[in-house]
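Student: Starting from the structure of chain A, add chain B where the hints point.
Heads up: the sequence lines are chains A and B, in that order. Residues 8 to 229 in this note's numbering are what the first sequence spells out, letter by letter. Residues 596 to 1395 in this note's numbering are what the second sequence spells out, letter by letter.
Derived from the structure by calculation, the hints contain no laboratory data. Errors might be hidden in some of the hints.
[Stated by the list, open to error] Below, a list of computed lysine to any residue pairs in the SDA-like style, where the Cα atoms sit at most 20 Å apart:
#1 A:96 with B:1260
#2 A:165 with B:1099
#3 A:49 with B:1122
#4 B:1272 with A:172
#5 A:218 with B:1384
#6 A:96 with B:1040
#7 B:1035 with A:172
#8 B:1312 with A:165
#9 A:224 with B:1384
#10 B:1004 with B:797
Now for the letters of each chain:
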Amino acid sequence: MFEFYLSNTRLIADISGALFWPEKQTVIFSDLHLEKGSWFAKQNIFLPPYDTLDTLNRVEKVINYFKPSRVISLGDSFHDDTWMERISKDQIAKILNLTNSYEWFWIHGNHDPSGAPSLGGINLNHYLDPPLTFRHEAKRGLADGEVSGHFHPKAKIKLNRNSFADRCFVSDEKRVILPAFGSFTGGLNVMDKAISSFLQDDFKVFLLGSKVRQFPKMALIP
Amino acid sequence: MPKNFIENWFKRKSWKLHDHQIKMIQSGALGLSTLLIAPTGGGKTLAGFLPSIIELNADPKNSLHTIYISPLKALTVDVARNLLEPLSEMDLKITVETRTGDTPQSKRQRQRKSPPNILLTTPESLALLISYPDSATIFQELKCIVIDELHALAPTKRGDLLSLALARLNTWAPKARRVGLSATIPNPAEMAEYLSCAQTRNPVQIIEAKPTKKPSVEILIGNSRLPWSGHMGIYAINEIYSAILNHETSLIFVNTRAQAELIFQALWKVNDKNLAVALHHGSLSVEQRRIVENAMVKGALRAVVATSSLDLGIDWAAVDLVIQIGAPKGVSRLLQRIGRSNHRLDEPSKAILVPANRFEVLECQAAFRSVLDENLDGDILRQGGLDVLAQHIQGVACSGPFDKEVLFKEIRNASAYKDLSVEDFNSVISFVCDGGYALKTYDRYRRIKLGDNDLYRIVDSSTARRYRMNVGTIVESTTLKVKMRRGRFLGEVEEYFAQGLVPGDTFIFAGRLLTFEGIRETTIEVSPGRGETPKVPSYIGGRLPLSSNLAEGVRDLIQNPSNCQNLAAPVKEWLERQEQLSTLPKSDELLVEIFQRRKLFYMVAYSFEGRNAHQTLGMLLTRRMERSGTQPLGFVATDYAIAIWSLKPPSNIEDLFDEDMLGDDLENWMAESTVLKRTFRDVAVIAGLIDRRLPGHKKTGKQVTFSSDLIYDVLRKYDPNHILLRATRADAARGFTDIHRLGALLKRIKTNINVKYLTKVSPLAIPILLEIGRENVKGSAIEALLDDAEEALISEGMAL
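Isolated chain A (complex conformation) (with noise of 0.2 Å):
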């Protein structure tokens, strides 16, 4: 767990990729990209169709931990907007008793613009707690305290003539982006213009790995 400040809010990157405040009592996933696995298999790809368990297993571990009272997922917690067909009724059940037992948020994302409306919870396109803003995707501009997902962040760093990668928390003083939590999400490296683009100069990350480590920009290769 690494504790850091956003919008003079005190946040909690947790080792599992989950972001947790304390204040409010939330936990904050995203990118879970439930049934990836079975949306493969409607392509003749035939990814092994555990994908969605093993994430709402992870999610559980990490409610369980945590006992918030609110939990936001910030989208793409579908891989399509197709899941309904494939996915299985121990799955929904799992879905249900979670959002029944927690105050949900179901944020909108460009893989699953229309949300989760059988599952319970709440949808919307994005959510606004201040000091924070949680939404998809990050905005250009507009942007102090806002908590985002999408680019499925992971960092790099060069250790003598190794060098270590894994999914990591990126963050300036305005914003924070996730990693992505789902078990079958792979990463893009936060030194890509694409998510570097949205962060100012001296931004950090907060890399996970066997616990959560800081690193600033200039320690990251691409």
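Tutor: Same frame as chain A, but now just chain B:
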């Protein structure tokens, strides 16, 4: 015998038919399948074709008569040339064509409608050719299948694929004979079994052509100080240069691409006479390699520095010397390399071995003896991989509906799959249909499904398209092109190497010093470099482990150095000192030395089982020592020994080396190993779960991508017995972990561990201790480095 036109042609050339060529003609006339074992350059390939030429002359046809399969595309082109010339000189109207990945689409389509009499191809192109609905008709009249370099193909996954194709061809053309052409091997009977039809067991005749003269081999030790460690061999560069000067054309073999680059540079530094010396290795661009090969054919070169990229291939009659720099690692490979010189059966090949360090002197001596005694090491033939089988079944489905029982029988006809169980077969079928997971949620989606008449068929054409894009068993690691800024393309390097470079770094590649400028998409931009201390490319692969056979030779030599009269003086002194200060390892025991040095305890075991087995042993021993509180800090493995250092002295050595380490410890380590993830990726690509990334091509938006590492993790957690994981474990066991050799070692030394407690490092341990620090750190050490890096940055005030 209707072969007068052939004898006449030989006479016109003032050549004589070799004995083995006559025997091949006879066995062809009898319709027998045959394995021909002959050294390079004995007219072996022509011998394979002679029976077909005779038949086609007597009974001209419009159909496909003979199919020739070679491991190399370039070789098919060369063989076509070497075949067309005599055919036109004999005035025969026999059509010969090649079919490889380089053949244009239009020509390939035409070949399916009207095939040539003799088709030259590769295992992959053959797999494609049999995957069409009309394939059976192309092969109906097939009479003969010739497989070149069989010894190189059979023990690999490409050999599995070929074995399955042979079984399919047998269904369509049961009368077709099979002919295997092989270099000298120790296990001809086993190789003949690969050729035979596993169930019908039709006999395969073995014809062996022995060279009349044994090769003349010398061991050369440079005049400068003989190195204690390292594998490059630069210290002997002046002597190597003199050898080149004294011969017409030399072929210089090294073990790695990095070594090739270094030796090439070093040779040019001493090249006062400006001899034409060239470089050849697998990372260089194809064009550049072709230029070197053609110059060699023309006799324009005095020497070529090469890696295994030239182990197989075109005959160069002009080569009169082969130099092997660094340890040969295996006798068969060494013989193959030596055979690249002097391609006439009646003259001895000439070779010089240049050991790069003291242990390699022993290894060269052992190899020298084995070459004289013809004590060869052979690859053990494999049980066919389940991933390859999955690929083959997709190909079968693409060619038309199939019956499961009939297909099972056909596959058991492939020698690599003769022991395939019904259960494994069913799992592979179910994998091909819908992924074959324990959890059945993909019922609605199917690639292949059971339809009318109980036949399996493909659901839509996308399956065939994807199969044809992904066929083959060679999975390249991702590479990046190396290009001069505003200039030419030099070759390719592995992605991971490029990622370690920072702009301004220099490295040697394609024989020159380059400065890294930056990466643009899939290209590394470079400019000519200046300065003296390059960062040499360290490529994956190329480093084969010491063969068991040669390891035994080294063990024999080391326990009785006095048996060897011509051992170099520094080596002799080194071994004598070892005998005084510790003891020499005996071949029926395991010598373990334990000593303290600068507060750390070192344990060195001289197990001589090759680097891969030692690497595995190191991982397992350190786990055990961790548990028993010895606090191991690291280990290093070479081909000959393993060294582990720890904070506390190791104890209970016999328990430490107990065989039971191959149980849970092994299972746990393999599961976490990153190498296993790479193996899984290859398996997943071959089996058709993941699409192949075509080398040099950029990911397109349409291409679906996902990380195979993530799939591996999830699969292990929820479906640990899935067929792809089983295939991965099987590959790991026979591949990088060398479990079989490790198991044999542990069994052998069970009660014969000789533990020596010493007060200081022993002479024999010096080389391996010098290796420490060259190896990369792994696992928990990475974590420590990450902590250090973080703290260093914080203390420097760089962190926010």
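Student: Taken at face value, is the distance from the CA of residue 1099 of chain B to the CA of residue 165 of chain A at most 20 Å?
Tutor: Judged against 20 Å, a Cα distance of about 16 Å means the pair holds.
Student: Would you mind confirming whether the straight-line C-alpha gap from residue 1035 of chain B to residue 172 of chain A stays at or under 20 Å?
Tutor: Violated. Residue 1035 of chain B to residue 172 of chain A sits at ~34 Å, over the 20 Å cutoff.
Student: Hey, residue 1004 of chain B versus residue 797 of chain B, does the alpha-carbon distance stay inside 20 Å?
Tutor: holds (16 Å)
Student: Verify the proposed pairing of residue 1272 of chain B with residue 172 of chain A, using a straight-line Cα cut of 20 Å.
Tutor: Holds, at about 15 Å.
Student: Check whether the Cα positions of residue 1312 of chain B and residue 165 of chain A lie no farther apart than 20 Å.
Tutor: violated (30 Å)
Student: Under the criterion that the straight-line Cα-Cα distance not exceed 20 Å, is the pair residue 49 of chain A, residue 1122 of chain B satisfied?
Tutor: With Cα atoms ~47 Å apart, residue 49 of chain A and residue 1122 of chain B exceed 20 Å; violated.
Student: Taking only the CA atoms, is the gap from residue 96 of chain A to residue 1260 of chain B under or equal to 20 Å?
Tutor: Since the Cα atoms of residue 96 of chain A and residue 1260 of chain B sit roughly 38 Å apart, the hinted pair is violated (cutoff 20 Å).
Student: Holds or violated: residue 224 of chain A and residue 1384 of chain B, Cα atoms, limit 20 Å.
Tutor: holds (14 Å)
Student: With a cut-off of 20 Å on the C-alpha distance, tell me whether residue 96 of chain A and residue 1040 of chain B pass.
Tutor: Given pair residue 96 of chain A, residue 1040 of chain B holds - Cα atoms ~18 Å apart, limit 20 Å.
Student: Given the hint that residue 218 of chain A pairs with residue 1384 of chain B, does the C-alpha gap stay at or below 20 Å?
Tutor: Holds, at about 14 Å.
Going through the hint list in order, the structure does not satisfy hints 1, 3, 7 and 8.
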